[in-house]
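Heads up: the sequence shown begins at 554 in our numbering, then just goes up one per residue.
A portion of the hints provided could be inaccurate.
What the hints assert, rightly or not - Pair by pair, the computed Cβ-Cβ distance ranges are:
1. G689 - R835: 50 to 56 angstroms
2. R773 - Q892: 41 to 47 angstroms
3. R588 - E856: 52 to 58 angstroms
4. V792 - Q870: 23 to 29 angstroms
Stated by the list, open to error - Straight-line Cα separation of at most 30 angstroms, DSS-like style, residue types lysine-lysine; simulated pairs:
5. K609 - K634
6. K634 - K741
7. K831 - K884
8. K741 - K768
Everything labelled a hint here was simulated from the structure, so no lab data went into it. Ideal placement from N, C-alpha and C gives every residue a C-beta, glycine not left out.
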Amino acid sequence: MPHWSEIDFVALLTAVGIAALIFSVLLGLRAGIRRFASHIEKKMAWPVMIDHVARKTGLWFLAAVAVQATVGYTNVSTDLKQAVHALFVIAFVLQAAIWSRALIISLVEHRAAGTGSDESNLTSAIGLIRLLVSVGVFTIAGILILDNLGVNVTGLVAGLGIGGIAIGLAAQGIFSDLFAALSIIFDKPFRVGDVITYTGTEGPVTGTVEEIGLKSTRVRSLTGELRVIGNAQLLAQEVSNYAGRNLFRLHLVAGVTYQTPPDVADSIPGLMQDLAEKAGHRFIRSNFTGFGASSIDFELYFEADVDNVAEAQAAYQRVAMNLLRAFHERKIEFAYPTQTNFTAAPDGSIIMPYPTETVSERSHS
554 MPHWSEIDFV ALLTAVGIAA LIFSVLLGLR AGIRRFASHI EKKMAWPVMI DHVARKTGLW
614 FLAAVAVQAT VGYTNVSTDL KQAVHALFVI AFVLQAAIWS RALIISLVEH RAAGTGSDES
674 NLTSAIGLIR LLVSVGVFTI AGILILDNLG VNVTGLVAGL GIGGIAIGLA AQGIFSDLFA
734 ALSIIFDKPF RVGDVITYTG TEGPVTGTVE EIGLKSTRVR SLTGELRVIG NAQLLAQEVS
794 NYAGRNLFRL HLVAGVTYQT PPDVADSIPG LMQDLAEKAG HRFIRSNFTG FGASSIDFEL
854 YFEADVDNVA EAQAAYQRVA MNLLRAFHER KIEFAYPTQT NFTAAPDGSI IMPYPTETVS
914 ERSHS
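Take the sequences, apply the hints, and build the full model.
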């Protein structure tokens, strides 16, 4: 270590001045970045993230950069230079960890803001994410600092890995639902207020999403009950989301008896088309589909310009009831599963179990 009389105080003071200048420039650069980000549209994601990162830049880090940049130009001892370098490495790793944490949390908050989740649940989710990110980032930072200081971190990394595996296995269900909740936040397959359909234990369930929690999602079904389903279970299956939908394609099936005259049966597809168009819906097609076990079957496809399931069901009901009235007016009978017993008269002729008067004859009487 050089004696104090051997130190070049002019060079030292020059280095201090340069360090102060570098510190001032970096401080002004940080302020300029924040000012630039504040003048850009706040709805954009990246200016907000830049502002968050700039705010997390510490004065201690700027000072460490300034000292590290100038210490090499002085004739101070090698030990002091090594100490300054070690402090700079620690400061840089910690600052990088703080930047990473701010960037990740800012991204999560931006993505979560558009889910429509309840504010209390969103606050809880962000709080938990902030904790997990902080633990992960600063654990990595601590390992890097120890490694740069010459500490053997192999055993520490192995221990953390084994501990993480044990915790993960013990809380596998909780973590799967948690990461599913994060997937909902980022991927946004649905939001609060959307009408969705998923497969429940008893079959398809359609309802409105009322709450997206950390572990489960609550859906109010069309029949009124509140369904609670785990986030992982929900995302593991196909989910139909009706949000933003402005039309529904509806399918109506009707079967008539085999006693219906052919000319009357032939008019049914046209009758279905007229009913759909008179109701103000977009007609797709109507046609004969086949001879069923107890009926002659027809189907109608039409599109209703509505944006929710309730209105679609109402449109379907109106067309179906109009079809019922039209059949009643024309004395066309709907078919239903029956068994017909045929008996014979003493002379061997078959006695019909229904009136022999046809639908066409009844309509003209």
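Query - Satisfaction of the hinted span 41 to 47 angstroms by the C-beta atoms belonging to R773 and Q892 - result: holds (43 angstroms)
**Report entry** Distance restraint hint 52 to 58 angstroms, applied to the beta-carbon atoms of R588 and E856
**Finding:** Holds: the Cβ-Cβ distance is about 53 angstroms, inside 52 to 58 angstroms.
Requested in this report: Mind checking the alpha carbons of K741 and K768 for me, to see if they're no more than 30 angstroms apart?
Outcome: Holds, at about 16 angstroms.
Report task. Measure nothing beyond the straight line between the CA atoms of K831 and K884; if it is 30 angstroms or shorter, mark the hint as holding. Result -> OK: K831 and K884 at ~21 angstroms, within 30 angstroms.
Report task. Note whether the CB distance of V792 and Q870 lies within 23 to 29 angstroms or breaks it. Result -> The hinted range 23 to 29 angstroms holds for V792 and Q870, with Cβ atoms some 26 angstroms apart.
Query raised in the report: Given the hint that K609 pairs with K634, does the C-alpha gap stay at or below 30 angstroms?
Result: Holds, because 27 angstroms separates the two Cα atoms, which is no more than 30 angstroms.
**Report entry** Beta-carbon spacing of G689 to R835 - inside the hinted bounds 50 to 56 angstroms or not
**Finding:** holds (53 angstroms)
Query raised in the report: Are the Cα atoms of K634 and K741 separated by 30 angstroms or less?
Result: violated (52 angstroms)
Checked against the numbered hints above, the structure violates only hint 6.
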